[in-house]
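**Q** Sequence:
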Amino acid sequence: MSATAERAETGRELGEMVTVNGDDCYRKCRRFARAGISRRDVLAIVVVLGIGVLLLFPYLFDSRMGARRRFCEYRQMSLGRALLRYETHFGEFPAYRGSLNPFEEDAPVVGWAYFILPYVGVAYDSDNLQYEPQQDARLGPWEKIQQQYGPTASKKKRRQISQVYISQLVCPDDAPPHLASDLPPVAWSSYVVNGGLPDASLTDAAAGPFPVDWPANGMFLDGGLPPGHEFSFKVTVESIQQADGTANTLMLSENLDSGLWTAASEAQLTFLWVANFREGRADPGNELLRINQRAGEGQGRGKVLFARPSSGHRGGVNVVYADGRTEFLSDQVDYVVYTYKMTADGRNLRRPGSDQPIGSPYQASATTESVP
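Going by my numbering, the sequence shown opens with residue -4, and the numbers climb by one from there.
Just so you know, these hints were derived from the structure itself, not from any lab.
Be aware that one or more of the hints could be misleading.
As the list claims (entries may be wrong) - Result set (SDA-like, lysine to any residue): computed pairs, CA atoms no more than 25 Å apart in a straight line:
1) LYS139 - PRO204
2) LYS139 - PRO128
3) LYS151 - LYS229
4) LYS139 - GLN158
5) LYS229 - GLN358
6) LYS229 - GLU100
7) LYS229 - ALA259
8) LYS150 - GLU138
9) LYS152 - LYS229
10) LYS298 - GLY311
11) LYS150 - ILE161
12) LYS139 - GLN125
13) LYS139 - GLU99
14) LYS152 - SER94
Here the structure is a predicted model, which means the values were calculated and not measured.
With the hints as constraints, model all of the structure from the sequences given.
**A** And the structure:
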């Protein structure tokens, strides 16, 4: 074979080798390409991730809501223990409202929170259910408010107390309207105390004379009455324990429709119950809303209609009993059961401003020893 023919044969063999190797590489590349992620695969992954997020969202939302509710509960528990501290120190619970200076005729009237300010803001162990207030001597950071705006302050200074914002008195889920605006701070309180039945008018009470409300109907009475209308009732842990029991009597709750803790209105400072009937059954009727009903529609208005527990929590409200125990109370609780929890002495209920007893089903029977 000539040299030219030999070179041609070699070139042909090399060409075949290149073709074979090229085909093999092409097939391998095609195989690797088919093993990659297609658009369909990407779409499937996106759909799966989306479904996962949708499934997790309610859990994450509930966790956030639960954390806010527990934070609100902790603040409320701390206020409950501050009230117990006050009762231990003074031998009775404070009135739901009272004069900033009892010895001054035109002194401002302030709510119950003012009187417990020295004990507000103290940290507590939420798991310590057996709280002993007599063993706690700590004072919180708000003690100075009583010094700055109390009886020794000037009249002008005392009038400014309604602008004192205290964070411990506000639930994150029950925030006041001004927090979301550029308005100046105000003395808002998300928390309200058990005021029993709505107070009778002074005219009705003077006809007896009888008190504007009886201590058996609730826990906190009016301490801001004019001269001649005061009664020497003392509501204490012992008096409640001897009647309905501190573990069965509501002391504190929350209300989206409350108001300033410097307010003078019973409906802004307390939560109430009413002894009404409809078709022979216990029913608040049009005088008082149920728990969480129309929540947030009556903020700061001071109407009895809105003087019931309400909150931004789903399904109920936080409450504190007279023994310091906390509970999440369902907004579906039976109304009669709710009234049993409100009364301090359910066997001796009487209409405010009179001595007329309140009968069944509001009157607790002799066999009623605890509230469900």
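**Q** Checked against the structure, which of the hints given earlier come out wrong?
**A** 1, 3, 9, 12
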